[in-house]
Amino acid sequence: MQPITRYPGLFKDGHGKRTKYFVQTAKRQSFFDERIVSHQQGLFREVDPERSKLFAAIAKGVSQLGLKEDSSILYLGASHGYTVSFLSDMVTKGQIFALDFAPRVMRDMVFIAEQKENIAPVYANASHPETYANIPLVDVVFMDVAQRNQVEIFKKNCDAFLKSGGFGLLALKARSMDMTKKPKDLFKQVRKELERNFIVVDYRELDPFEKDHAFYVVKKR
Amino acid sequence: MDFQSLRSELLTKTKQQLHDAVTIDVSISQALSAYDDLQVQLNHLSKRLRDWTGYFVPELERRISTNAHFVQEISRGLAHEDSAMGGTPAQPTQQIIERFAKQINELYSFQEELLMYLEKTLQEFAPNLQVLLGTTITARVISAAGSLEHLSRLPSSTLQLLGAEKALFRHLRTGARSPKHGFIINHPLVSQASSKMRGKIARALADKMSICAKLDYFKGEFLAKKYLQDLEKRFG
Ligand SMILES: C[S@@+](CC[C@H](N)C(=O)[O-])C[C@H]1O[C@@H](n2cnc3c(N)ncnc32)[C@H](O)[C@@H]1O
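Chains as they are written, first to last, in the numbering used here: chain H, 10 to 230; chain G, 699 to 934.
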């Protein structure tokens, strides 16, 4: 078990294709039937990069994410809370606002938020930041909503909630934006669009973990 | 405000919002899905019963082609005496087959019950759509839209194609022929029309559907009967 020092609380074990990723955790508690291993260094929850675009990007070697142990994060498209639950163990001194607009998944998110003191649930539509204006400025805006106008929603939220110098992390699903365009062309187009508003720090395509998905790391000026 | 106060405020608020989001639309979609699930299971179970029973009453199995009817017949008793080809079931075998048929029969009645539940609910919640489209199509369009509210905001061109998303994507991606109707293909006016007229009728029906959805959502007048008669006069 070796720490990946670029990111807080993250460890890996093994090499190449068989690398496994772990997040250090205080409690022996698994939220999604993930394996928990104990080690001299402590307890670790195994994270599956095929279930999380954030960890797929990490497995693809993304250079920086702007995450620190005290980061505050606005997470758009929290879903059942898979990725959020791991992030929660990484930003032990930080806070996560976990937002989604689907009642079915928000229910699961609430159960996790009740057990993790650094998660607050937000039931709202990410297209309408004015409906959750009570949230403070954050260090990181993460978005994974798989919507047609993903980029526009992302920009809106970074405008409203991201501190200057803060990081925006965008997981983009090509097929939900435009079925007729080639994913590669779309990814290029989105990159250009992001460059108009941000400094694009890194970019990864997420295959083989996730087909036709890209991950952008941007910094607010 | 410090984070823990904000968090506990947001937890309370989210719970309240989730509580309020449980409207009757939820039960319409779930009942419809339960109906569809049962259909699959019923086909499966009826086939098993036919397979099993066929060894004892092959003539009967061949004669009755509808599953529901066949199941009902066997649940009344496995009368094997008049079969020349069929085997003779031992007493426990006969009993268990009859019990099996009764259970399936019970599920068929429950499926009917679900339909009646939907009908009653929709008569109250979406009376115009229910009359214009019938119970199952109304339930399908509400379920596909997510709610009556959302349905009432969709343009009639979208309503016409609701339920044809796969064909629509295929059209966009490969240039295959564009679909002309979704769930409303099952409406008698559309399904009984000549293929030349279908597109036209589907469009007219979707226009009325759009009005009915708004009437129902805003608890307006009951006009569906008249709309349906107009359509029948024009196309029937
Ligand atoms: C692909 S899932 C996210 C998975 C999650 N990020 C994870 O890794 O565990 C996309 C989620 O975005 C949500 N979503 C889509 N559009 C949204 C919007 N406009 N506002 C809020 N949530 C949205 C959906 O309800 C869904 O739960």
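In short, the hints are calculated from the structure, not lab data. For clarity, every value in this text was computed on a predicted model and none was experimentally measured. A portion of the hints provided could be inaccurate.
Pulled a few chain H residues facing chain G out of the computed Cβ check, cut under 8 Å [as the list claims (entries may be wrong)]:
no.	residue
1	Ile45
2	Ile121
3	Glu123
4	Gln124
5	Pro130
6	Ser173
7	Gly174
8	Met186
9	Met188
Using N, Cα and C, we set each Cβ at its ideal position, and we do this for glycine too.
Structure-based check of each hint:
1. Ile45: At about 25 Å, which exceeds the 8 Å cut-off, the nearest Cβ of chain G leaves the hint on Ile45/H violated.
2. Ile121: Since the shortest Cβ distance to chain G is 11 Å, the answer is violated.
3. Glu123: holds (7 Å)
4. Gln124: violated (11 Å)
5. Pro130: holds (4 Å)
6. Ser173: violated (21 Å)
7. Gly174: violated (21 Å)
8. Met186: For Met186/H, the interface hint is violated, since the closest Cβ of chain G sits about 13 Å away, which is over 8 Å.
9. Met188: holds (5 Å)
The earlier numbered hints that this structure contradicts are 1, 2, 4, 6, 7, 8.
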